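First to last, the protein sequences are chains P and R. If you count the first sequence from 1, position 450 lands on 449 in numbering that gives the first Met the number 0, and the numbers rise without skipping. If you count the second sequence from 1, position 49 lands on 48 in numbering that gives the first Met the number 0, and the numbers rise without skipping.
Hint data in this document are derived by calculation from the structure and do not stem from the laboratory. Computed from a predicted structure; not experimentally measured. No incorrect hints appear here.
A partial selection of chain R residues facing chain P, derived with a Cβ cut-off under 10 Å:
id, residue
1, Ile-69
2, Gln-131
3, Asn-527
The C-beta atom is built at its ideal place from N, Cα and C for all residues, glycine as well.
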Amino acid sequence: MQPPASILTPDQGEQVDRLAASLDRDQAIWLSGYFAGVGDRAGTGLSEPERDAGPGAGAETAPATRSLTILFATETGNGRELARSLADAARAKGAETRIADMADYRTRALRDEQDLLVITSTHGEGDPPQPALGFFEFLDSRKAPKLEHVRFAVLGLGDSTYEHYCGAARRIDERLAALGAQRFTHRVDCDVDYEDDAAAWIKTVVAALTPTELAPAPAGPSIVAPRNDAAPAAGAAFDKKHPFCAAVLDNLVLTGRGSTKETRHLELSLEGSGLRYEPGDALGVVARNDPALVAMLLERLGLSADAPVTVKRETMSLGEALTGTFEITAATPRFLDHWAEITGAAELAALRAADQAKARAAFLRGHHIIDIVERFPASGIDPDRLLAGLRPLQPRLYSFASSFTATPDEAHLTVSTVRYELHDRQRTGVASGYLAGRTDEDATVPVYIQSNDHFHLPDDDTPIVMIGAGTGVAPYRAFMQEREARGAGGRSWLFFGERNFRSDFLYQVEWQELLRRGVLSRLDLAFSRDATPKTYVQDRLSRQGRDVYAWLEDGAWLYVCGDAAQMAPDVHAALVGVVADHGGLDGDGAEEYVAALKRDRRYRLDVY
Amino acid sequence: MNGGIHPDRSRDVSQPLDELGPDETLKADSDQLRGTITHSLADEITAAVTADDAKLMKFFGVYQQDDRDIRDERRRQKLEPAYFFMARVRLPGGVCSPSQWLKLDELARAYGAGTLRLTTRQTFQLHRVMKQNLRTVIQGLRDVLLDTKAACGDDTRGVMCTVNPNLSAVHGQVYALAKQASDHATHKTGAYDEIWYGAERKPTVGPEEPFYGRTYLPRKFKIGFAIPPSNDIDVYSQDLGLIAIADGGRLQGFNVAIGGGLGRTDQAPNTYPRLASVIGYIEADQLIATIDAVMSVQRDYGDRLDRSHARFKYTIDDKGLDWITTEIERRLGCALAPARPYTFTSNGDPLGWMTGEDGREHYTLLIENGRVINTPDRPLMDALHEIARTDKCTFRVTPNQNLIIADIDPGDRPAIEALMTEHGLDRFERDTGLRRNAMACVALPTCGLAMAESERYLPELLTKIEAILKTHGLTDEPITIRMTGCPNGCARPYIAEIGLTGRAPGKYNLYLGAGFHGQRLNKMYLENVGETAILEALDQTLGHYASDRQPGEHFGDFAIRAGYVPEVKEGRFFND
Ligand code: SRM
Ligand SMILES: Cc1cc2nc3c(=O)[nH]c(=O)nc-3n(C[C@H](O)[C@H](O)[C@H](O)COP(=O)(O)OP(=O)(O)OC[C@H]3O[C@@H](n4cnc5c(N)ncnc54)[C@H](O)[C@@H]3O)c2cc1C
Ligand SMILES: Cc1cc2nc3c(=O)[nH]c(=O)nc-3n(C[C@H](O)[C@H](O)[C@H](O)COP(=O)(O)O)c2cc1C
Ligand code: SF4
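Extracted from the complex, chain R is given alone in its bound form (with noise of 0.2 Å):
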């Protein structure tokens, strides 16, 4: 025990089970996760899991969801709810090769609906895949070396990394680091093999968990990695944050940013969002050993009894900074070193041609909500498949649910731009600045606890927010803008300058104040309101920022000096 104080441990895993909240014995009695997941998927009367299974399915990257737009009408129909699955890829950075495109391409035609989303934390998801079309799926995504494993669940999430492609140095070094990292944390029971590739049970020598145990983590676990001056991962919402810090394009070390998180409920003033606080630096060869220091903290303090306080976020808060700054260099065996300078200028995206410091060409296309499908009038999905098959270039997924066609020789470029205008997607300038930085999370009609539409909804909200920059001269100003369906934050909404999040069919708060960069969070302004509310709040507070603010000074920070909303300085304090 460090510090000689001997923390409160009356609800963390040092207690017995049945003391714990129902998910802790779930994990511990799932035999590693097995549960009877495969009993579920031979059940042929429902086309869904048991609601224990569905849990487990998780820890593999796998979501049970139901078509929500047709709920009730099945209800009525004495049919059960049109259950199917999402399935998210672990893809560590978000970097793709064009054979692994390809994969997606098909499975997401042959099982996915015909369309593929891009996400916050730079992967894909397949929506709509039915239960008996699972293993069919996974084990194609096994072709290409991809997989699903806790892409979901109590355990370490898809690891992020920044994508800006002018570092390719230093972005190629951090990457690697960032792979190595997801590959380290990702659970390691064979429940994945036998139940997604029908492999044999292999007998094991030792624990099958040597980090996680029987119970995995209390909750979820982040990891990302940002590259300054760009904060495209906002890597104050990671539990786990690392930035990198060079020298002359070579990669030095890391400052650690611990307790990010942005997920809270309504009408409860205990739940708030979070930036991760920046505890020290450490060098390079540490990474994987503070990793486990961080992440060990949390497994064995964090709260197990009420899922909604359970965090990492609230463990530090509770526990104290210092002390687990503490308790974290007692497990690392050294004290972290002091935060070296760094400085982050946005959390967006730069849209269009960029030519990397080797050379080589990168174009970050410009994908609306991350959504990837063929519409009569904008063929997307074909396009991408077509510059795959060029075997010309690379893919990222951007933590702005974009996509960077990168790591083109220059030769090759004038036939990628080719098919990207052909298919017209080299459209990105007649954008305002603020769908450029526009984020909107799944929602309706799958995601299980939205409240309110979302990526369905912010388009047209944006083509009447643009109405209001046109009349004030707005167009091309960057404002950073993000909706989400719940208060669970999925797009990020509470380091937006414009944020809003669902309550209700209609209805969401609003919220204004954050930082362009990611670096504070904003302050709720209105409560549960509709479209008119939210239009009218926007043109006052917009045309006063037209006309009233400096030189160079950013909507969220005018939104503070204005006095519309106080400066949130601390998460504890978001609900005052």
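Bound-form chain P, shown alone (with noise of 0.2 Å):
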């Protein structure tokens, strides 16, 4: 057979075909087996924490045995009691056993699983048992990967006066043979007396994993191309005039009920595009205006969308060109002076005079594009004539609250939709309403990769403070999973600010997990309208003062992310503050003691 030229160099596949020619079945099944493990040792390269053997670790100390995971799912505790006996059988057969709870199983290493026992039970109406059902949802998701290369079997517990008896199980078994997997023995529902069945199942499963009774897995390349090697090469090919169109995988409001806020969790597929990034850069969104601004633009003008216009000596239709060449939200002084001209407006006229800056700058904060444009009409103006006053749309930037080798091909972003009233109207951000509203099924973004040097991680073993309120938190999520991904070494510190503790702790969850696994060693918290006085991060950093300094001492990097108006100069006169009182400077000194900081770049701003 010939393997696709993408995945083998030309000699390699003549080799693995002079190979596959001279084999036998048995052999080919143990060959496969072997590259399965060599493939998984050439793939994500991660380091798995939680795991005793990973099918890496399998490969290594025997190359013909496949992995085993025994993946069980409980609320009442019966489950586990099953699995466990499970893998003491398995073991006492000799294979490599990874017993998870799939509470907290890392989604992500199941692209990398070979053999998969998985045991169920079914709760509520029919339901996964609770803890289990972010891992159901992932299964069911789009991100579920692939699985080919797996082979599986499921055990359902249940009760028989349900009417969904063993739902969960059926649901699983289902959709991992929809996922390409395959069934080493069918799936068996056990009712709440499941002691004889489950064990009978135990039997037959266990009697299946040796090696002579496998059915044959998928052959050689399928299994040896690694998953995540969508080479860079070419990644390059992508940038701000020729974006990616990236699939959104997951769209969803991180801010809980009753929030002041809405902040969004984006997960988009870079598949196939061959981008990659490092933690600390951002992915710029060529964004489009709000058809229903552009609409009410042309109409307040008496325009046509159709009517045809020149931009750059391209010619497009006028509705188009508002939709995605131009800024139309927010105007410019240069706007001001355009319409000043078009409609000879004393008001406007007066607002250009050199002395009148304040009071322009105040106009454009409360006068946008349509404001101006419903104020001063201008009907029927020349398509053309208006485009000239117009500047053209940016692409937004969106630090990346993902790790690329932790979760290969995805970007995480975290973004705050910017929503706000003027002249009792609603208006949204540009860009951040644009991603709000892609939440169906096969939307798409276009990005592109914005590196960003200056706001990379240090050496592994280096100690890190990261300082961030609200969105400013993104990129210390893609650090965070860079170090762990990386096993690396280096204590970590991060101070988070927002509004409510209830509401507004941006990815929660997550950071506890963290902690607990111990890849953030500290994090301390400011939630400035829980509690009276209001704090801050910059109060918090204070507060931490000694530490935080001695930290600094220690050689630690220090990381500012977040609003560039109000708390980056608020942080850096805490931390200036910090210096002095803990470092014995005075005021000049410890300007100096951060300015060093700064040329040394050890102290990172990435404001906005």
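Build the complex from these two chains, which are given one at a time in their own frames, with help from the hints.
Rendered as structure tokens:
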């Protein structure tokens, strides 16, 4: 058989062909297992702390065996018990066995599985056990990987007096098959007196595990190909001008009920783009204007969307120009001048005077293009003349909230939707509003990578202090994913600030987990609207001054991300204060100490 | 050892900790319930406390819960569950002064989501209290001489006492003893003052818990005092039930009933509800000694390996009632006298106005499922706040989640009555005999163990059943109906003529045939069914009851005579 050219070099291909031709069935099976192991080692290269025997490890010790994972979902503990006895039985057979609770199984490990034994009970009305809901959801989602190389078997625990008897077991059994995995024995559903049936099932699967009885796994190449091998090579192909259309995998609101904000978590797929990024980089989003706003503008100006216009020697419809190429929300001084000339409005003309800078700025804050057009009409204006006053629509940047190493081919963003009212009209930010609307099944977003060298991680052992408010926390999620994936040893300390603990603690459970796993060493929180007096990150920084200074003295790098207007200056001031108080320096000395940090590139900002 | 018989001790406190259940080690190593609670309360990263501390905090009447309505939504949002705490007040006999009411009202509005919950054991619960407000709430209660000690945990729970106001004199005497019993049996650890009041740790002379020791009881232990003819407290559901025997308005002593308990687990036939067995009679002055004797037997012989088999009822059925009785008598130092005759007529509440034998007035107010809250059409919380402010009455929380506005001077009655009419509280006459005798446990969204709705669902189900009652002319017939969201039985559903216990969302077990005054357990009639099946079954059985019942025959008795369910003679046979 011919492996796809993209995967093997021509002479590798030949070698495989020659080898394949010379093999009998058993040898082929043995080799497929062997290559699976190789493939996994060549794979993501992730270190998975919670694994006792990952597939890689399996392959190291005994190349011929396939890795075995027992995955259980339980609410009241029966499933766990059974999983344990299954594990014992399998180990007795000499199989490298890993046992994992779906509740804390890291889903990205799934693509590396080989033999998968699933035990799940059913609760609620045919639902999976509460703790496993996340895993089931992942499996049903578009994020679930193909599993052709996986073989599996499912044991169901249930109660036949319920109408959805063992519903969860049936669901996962069918879904795994749908993802391409092959059963090596049919599913068994157990009633409340599950002991005997379960024991029998365990016997069967453990027997089926022994290599000789294996159904042949799919042959060579499809297994050998490391999963995330979207080589960066041609990656540069996509940029501002030629963005990559990334499919939206997930788009959810992170802020809980009663929040005063709407902050979203987006997951985009870079699969097939060859795009790669580093934690600290940003994703460029080439957004389009809100069609409703375009329509309103055209209506107010008495212009037709189909009117042909020329933009950079290229003709297109006015509608397309206003939607895709020009900024039509906030107005610029230039637009002001332009509109003053067109309409000859005295009020606008007055604002052009050199000494009117303040008034002009205030006016522009309070009047966007649509407001100006409404107040100073110029119906029937020549389309090209209109466009001459507008500036090109700029892409918006969003910090990566994920690590490419940890989530290959995915880009996670943390986006705060800009919503505000002006002249009794609801307005939304161009890009954040555009992204907030990108929720349907087949939604895509045009993107490119904006690398940001000055906000990358130091070497693995250097301690880092991360300070961020609101969406400023995004890159730190990437930092932590990356450091965990690399097994980096350096200490890390996060200062996070938002409004309310209950609703705005972005990625709360992830931080709690990272702390528990020791990836994150310390976490300090400031929720400004929960307590009086209001506390902000800079206040927490000052309160922890002694330790912060100690960290700096230990060579820690300090990162600040988020709001440029308020937070960054306040944090800077607090930092100088900390150094003065605990470094025994006077004002200037402290300023100099912090300046030195900047010079040594140990004090890094990414503010907007 | 009594009677020379040597009982099996392989599962009780005589065994080394590592041979017993994990909770025993937790209690033993907790430094008399201190654990790391103070640390947990200070942790800002989470609104919860550690799993171990959550268990220990129950001994202080504080339960960690979360809003289950939004648990799943928050999981998707990568937020932890919306954790908060339920605080249960210790209120022996349900007696509450106006100033105490006003404080509870104030705390509930400030920290408890604006609602108070009257419980089936005659006390108050505040729900949705945030971790950082717990101390404020508990210290606020202290200001009015209330605490939350032992409202939960492996120790004595809130002590119940009949509130029937017709028997003012005897009630006074029995209530005093109930209060004394509660104070006596409540744990003594200094941890409570240290953690909740911020008190300094005092050096203790001798053991901090003379009775409980380091491992407390194997499980919760419930004490209740009934004053015939009212069995409102369901004395047979208590681990230790005391039935007052009075003579001409003077309390003489008590019949002693042991081994009541209702909790069970579906699909676990070795768990079952059990009604207490009457083992004899004691004089009033033997009360405290008797409580010590009975509780110490459970402390020493209760199962500490399997918590689902640790209640006193199982200790009794395992060791034998006679052996346990003899052991109690041995510890008491004398034999129990034979039980005195008594009669119960009902386990419900007589609603409306009533004049006590001392001529003072009492009004028993029906409070649907014990939920005190303001709704647009019924500002119940405001109304009771107003009434409390008059300072011309006291309050009694009844075991049926109702409230008695008690001890009113006849001269003050008009003023109180006016307030009630003004807020529309005096409308129970409109309610059917079924609704007057209905109870539902809290269940969703706060109860962590709920499998189905209860408090939020029973009212609408009742409306549907009432339609059926109407067609069969049973509108005014008193019939007890009790619903719970899981088999634990918090609203005592197994001693209701119609019992419903949750199995899964929208699914319940239906039980029939219990005794009207709590003297007999009911029996499962339908398993794991939805509303339609429940209504069909009730339409059929109630219809039959309406046509074929004998004079004065209660629905529960009829269900057995008509053969819908067999009579359950003993808890052990409940699952047969
Ligand atoms: C509030 C109350 C129901 C009500 O609507 O009034 C209640 C509510 C709860 N009960 Fe109960 N029980 C309440 C009376 C009862 C009763 C009735 C009684 O005691 O007269 C019973 C049956 C009698 C018995 O104990 O056998 C009862 C048997 C249970 C059980 C089962 C115990 C067992 O032996 O199996 C549990 C679960 C447990 O303890 O493991 C439980 C546990 C609970 C908890 C604390 C759930 C938990 O453990 O996390 C519930 C809190 C729900 C919430 O959000 O408020 N509750 N519980 C009652 C409070 C009484 C009080 O003031 O102390
Ligand atoms: C390196 C970098 C990283 C970034 N990372 C992130 C990130 O991780 N997450 C994130 O959410 N953002 C991030 N941003 C900001 C992001 O790029 C956008 O600026 C932000 O989302 C707003 O863009 P928008 O198109 O939605 O809003 P716009 O259409 O640009 O609207 C913003 C404009 O709306 C107007 N406006 C806003 N409020 C009002 C008001 N109340 N009254 C009148 N006018 C008002 C103002 O003119 C303002 O300039 C980052 C920016 C940079 C430079
Ligand atoms: C609240 C609840 C709901 C349940 N719902 C179902 C159901 O819908 N279908 C089913 O087959 N079993 C159902 N069951 C039965 C459980 O699946 C069964 O008890 C199983 O053995 C539990 O295994 P676990 O301890 O591993 O969770 C339910 C059990 C509970 C407690
Ligand atoms: S009966 Fe079950 S659901 Fe109802 S309150 Fe008790 S424990 Fe909760």
